[in-house]
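S.K.: Order-wise, the sequence lines are chains A and B. Take the first sequence: its position 379, counted from the start at 1, is 379 in full-length UniProt numbering, and no numbers get skipped. Take the second sequence: its position 72, counted from the start at 1, is 72 in full-length UniProt numbering, and no numbers get skipped.
Everything labelled a hint here was simulated from the structure, so no lab data went into it. Hints are not guaranteed to be accurate.
Straight-line C-alpha distance at most 20 Å; calculated EDC-like pairs for lysine to aspartate or glutamate [what the hints assert, rightly or not]:
hint: 1; chain 1: A; residue 1: 328; chain 2: B; residue 2: 194
hint: 2; chain 1: A; residue 1: 17; chain 2: B; residue 2: 45
hint: 3; chain 1: B; residue 1: 34; chain 2: A; residue 2: 43
hint: 4; chain 1: A; residue 1: 17; chain 2: B; residue 2: 184
hint: 5; chain 1: B; residue 1: 205; chain 2: A; residue 2: 21
hint: 6; chain 1: B; residue 1: 205; chain 2: A; residue 2: 210
hint: 7; chain 1: A; residue 1: 9; chain 2: B; residue 2: 200
hint: 8; chain 1: A; residue 1: 319; chain 2: B; residue 2: 200
hint: 9; chain 1: B; residue 1: 34; chain 2: A; residue 2: 260
hint: 10; chain 1: A; residue 1: 51; chain 2: B; residue 2: 184
hint: 11; chain 1: A; residue 1: 166; chain 2: A; residue 2: 210
hint: 12; chain 1: A; residue 1: 168; chain 2: B; residue 2: 172
hint: 13; chain 1: A; residue 1: 51; chain 2: B; residue 2: 194
hint: 14; chain 1: A; residue 1: 168; chain 2: A; residue 2: 43
hint: 15; chain 1: A; residue 1: 17; chain 2: B; residue 2: 131
hint: 16; chain 1: B; residue 1: 197; chain 2: A; residue 2: 56
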Amino acid sequence: MAGKTLYDKLWDDHLVKQRDDGSALIYIDRHLLHEVTSPQAFEGLRLAGRKPWRLDANLATPDHNVPTTERARGVEGIVDPVSRIQVETLDKNCDEFGILEFKIMDQRQGIVHVIGPEQGATLPGMSIVCGDSHTSTHGAFGCLAHGIGTSEVEHVLATQCLVQQKMKNMLVKVNGKLGPGVTGKDVVLAIIGRIGTAGGTGYAIEFGGDAIGDLSMEARMTICNMSIEAGARVGMVAVDQTTIDYVKDRPFAPKGEMRDRAIEYWKTLHSDDDAVFDKVVELDGSEIMPQVSWGTSPEMVAGVGGNVPDPESEEDPIKREGIVRALKYMGLKPNMPITDIKLDRVFIGSCTNSRIEDLREAAAVVKGHKVSPTLKQAMVVPGSGLVKAQAEQEGLDKIFLEAGLEWRDPGCSMCLAMNADKLGQGEHCASTSNRNFEGRQGFGGRTHLVSPAMAAAAAINGHFVDVREMMN
Amino acid sequence: MRALKQHKGVVAPMDRSNVDTDMIIPKQFLKSIKRTGFGPNLFDELRYLDEGKPDQDSSQRPINPDFMLNQDRYKNASVLLARRNFGCGSSREHAPWALEDFGFRVIIAPSFADIFYNNCFKNGLLPIVLDEEIVDQLFRETEAEEGYQLAIDLEQKTVTTPSGETFSFEVDNFRRHCLLNGLDDIGVTLEDAEVIKAYEASRRKTAPWLFGAGG
Numbered sequence: 001m002a003g004k005t006l007y008d009k010l011w012d013d014h015l016v017k018q019r020d021d022g023s024a025l026i027y028i029d030r031h032l033l034h035e036v037t038s039p040q041a042f043e044g045l046r047l048a049g050r051k052p053w054r055l056d057a058n059l060a061t062p063d064h065n066v067p068t069t070e071r072a073r074g075v076e077g078i079v080d081p082v083s084r085i086q087v088e089t090l091d092k093n094c095d096e097f098g099i100l101e102f103k104i105m106d107q108r109q110g111i112v113h114v115i116g117p118e119q120g121a122t123l124p125g126m127s128i129v130c131g132d133s134h135t136s137t138h139g140a141f142g143c144l145a146h147g148i149g150t151s152e153v154e155h156v157l158a159t160q161c162l163v164q165q166k167m168k169n170m171l172v173k174v175n176g177k178l179g180p181g182v183t184g185k186d187v188v189l190a191i192i193g194r195i196g197t198a199g200g201t202g203y204a205i206e207f208g209g210d211a212i213g214d215l216s217m218e219a220r221m222t223i224c225n226m227s228i229e230a231g232a233r234v235g236m237v238a239v240d241q242t243t244i245d246y247v248k249d250r251p252f253a254p255k256g257e258m259r260d261r262a263i264e265y266w267k268t269l270h271s272d273d274d275a276v277f278d279k280v281v282e283l284d285g286s287e288i289m290p291q292v293s294w295g296t297s298p299e300m301v302a303g304v305g306g307n308v309p310d311p312e313s314e315e316d317p318i319k320r321e322g323i324v325r326a327l328k329y330m331g332l333k334p335n336m337p338i339t340d341i342k343l344d345r346v347f348i349g350s351c352t353n354s355r356i357e358d359l360r361e362a363a364a365v366v367k368g369h370k371v372s373p374t375l376k377q378a379m380v381v382p383g384s385g386l387v388k389a390q391a392e393q394e395g396l397d398k399i400f401l402e403a404g405l406e407w408r409d410p411g412c413s414m415c416l417a418m419n420a421d422k423l424g425q426g427e428h429c430a431s432t433s434n435r436n437f438e439g440r441q442g443f444g445g446r447t448h449l450v451s452p453a454m455a456a457a458a459a460i461n462g463h464f465v466d467v468r469e470m471m472n
Numbered sequence: 001m002r003a004l005k006q007h008k009g010v011v012a013p014m015d016r017s018n019v020d021t022d023m024i025i026p027k028q029f030l031k032s033i034k035r036t037g038f039g040p041n042l043f044d045e046l047r048y049l050d051e052g053k054p055d056q057d058s059s060q061r062p063i064n065p066d067f068m069l070n071q072d073r074y075k076n077a078s079v080l081l082a083r084r085n086f087g088c089g090s091s092r093e094h095a096p097w098a099l100e101d102f103g104f105r106v107i108i109a110p111s112f113a114d115i116f117y118n119n120c121f122k123n124g125l126l127p128i129v130l131d132e133e134i135v136d137q138l139f140r141e142t143e144a145e146e147g148y149q150l151a152i153d154l155e156q157k158t159v160t161t162p163s164g165e166t167f168s169f170e171v172d173n174f175r176r177h178c179l180l181n182g183l184d185d186i187g188v189t190l191e192d193a194e195v196i197k198a199y200e201a202s203r204r205k206t207a208p209w210l211f212g213a214g215g
């Protein structure tokens, strides 16, 4: 019999019941909640007279609607009344049901996918869900982690389980070594460019190969975060010493003898040598360039040295029409060099790229430079209050401020523009977020997905440049 | 949840691939703490010429006459015909809520994004996967004939055209069972409460670090 993949192992370890009809009950170890996708779930519990099954599995924080300025007044400081009600509703629900919440004034508040790993609430081998598609982030720890809808949020609250169908296994292997200036973000954008935005639909993806093994936990989180942009709900990386070291001493992580026991188990969380994947995709890490998205789907990416594509050279009529529509929306011409794309704003933040390493990477590029006067705004939004404090301790805030970037308070911010941070119509933004859909960052806004280093380089130059040239 | 056994209705063609959930329902409408009322803002940025705001009377807004749902022939549609990878992106269940609130009961496409596909079944909405060639044919027929309707039978797992041509589709048994009977799947899961407790007890022994509050 063939060995098991990491996904097979995680599935088997969380299988509560295999039903005759092919569906299965899967146990959920950790449930993360935020204000946008939970109110209707709590209301559902109340209407049915149900209680949460296991309180200590839940952790909540407001992130999507919180302002990134003027935070001293807490919830009262949220200007938009509709946003404020949503944050207040989360507070009330967590208080009523007894769920631990890092409220807006708590230093531990932040983007839900940043605070889980930061607190050690994300541990190797867990099953983790959240009403948010970027829950795949936590797969970087060898977790079975994926986004769910609000009905499933209610289902997990009420039963600690989900009804699931097993996915297929895909291995994305990134071989060799990444070049200098090439980051986890560039790797995942290159992968999405290769397999397409639906390439991972129906699969749980494991990212492996030497280039992934060499990456830090935070870079692995960036890669797993965007699995959903390749269509895969689940993205994972096997547990290794890097994982175990990262988890050590975090508040929710096991200590002492319990930790030793846990490590023994965590070390089994990798695919067996003879495991069989339904699909294998290989990339040469040394060939990956810094990436820039030019279109309105994350698969519409090019290396920074490349050009915007010409729809005439696309044979698939549906794809060709997609390119034509994207170029029209983005206001770009076929064949123009990526470096000719001029920018109006720069956003460094989001659950993809707002951790301390991302901020260090951006600060290293802007240090000693000034933001281009042609930009309307360049902002840095740390992923959590603790990331913010760490960055300030390292003096990164001063580097950003001296260069002319804004230094904000933590939240999802302009990744999806549910708070006050948004693009104006027709504005181009170099963004470290995860989605370049039409209108995502503001009505009529034009998003270009890049790494923090590339966003920082774009902020200095007012247009895209190859960050590697600035590093020489 | 509303059950769905058979459905017959007017077909509306959404002729673009990779329709994401931001397009189905933009973020400003996600601030609602209710499950209903999203229909007027379905495809908001395509349907209207201005930027939509929550709690606004959408009937007073300038509409985009080119968008198909603004054409009289599709206004009462309840079957949405779509292209590849429909519902990609965010996990927001507001997307199926908006489609359902508008009046859709069935969506037909060559492929769906996983989370969206799953969310549909929780809301009495049936997503049907048909081969791309068949979807192409249905697009042609829909556009050629005003008032074009399709008949869907979930029990038989078939889609039937006005000329009587029938196509079969696949759907997994549990989801089909819940939708046919309008079942609340939390209730179904809680029938296994003892099995869940037994799993939990054994897990507490083998992986005790997963239990108990931290922080």
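S.K.: Identify every previously stated hint that the structure contradicts and give their numbers, smallest first.
M.R.: Of the numbered hints, 1, 2, 5, 6, 8, 9, 11, 14 and 15 do not hold.
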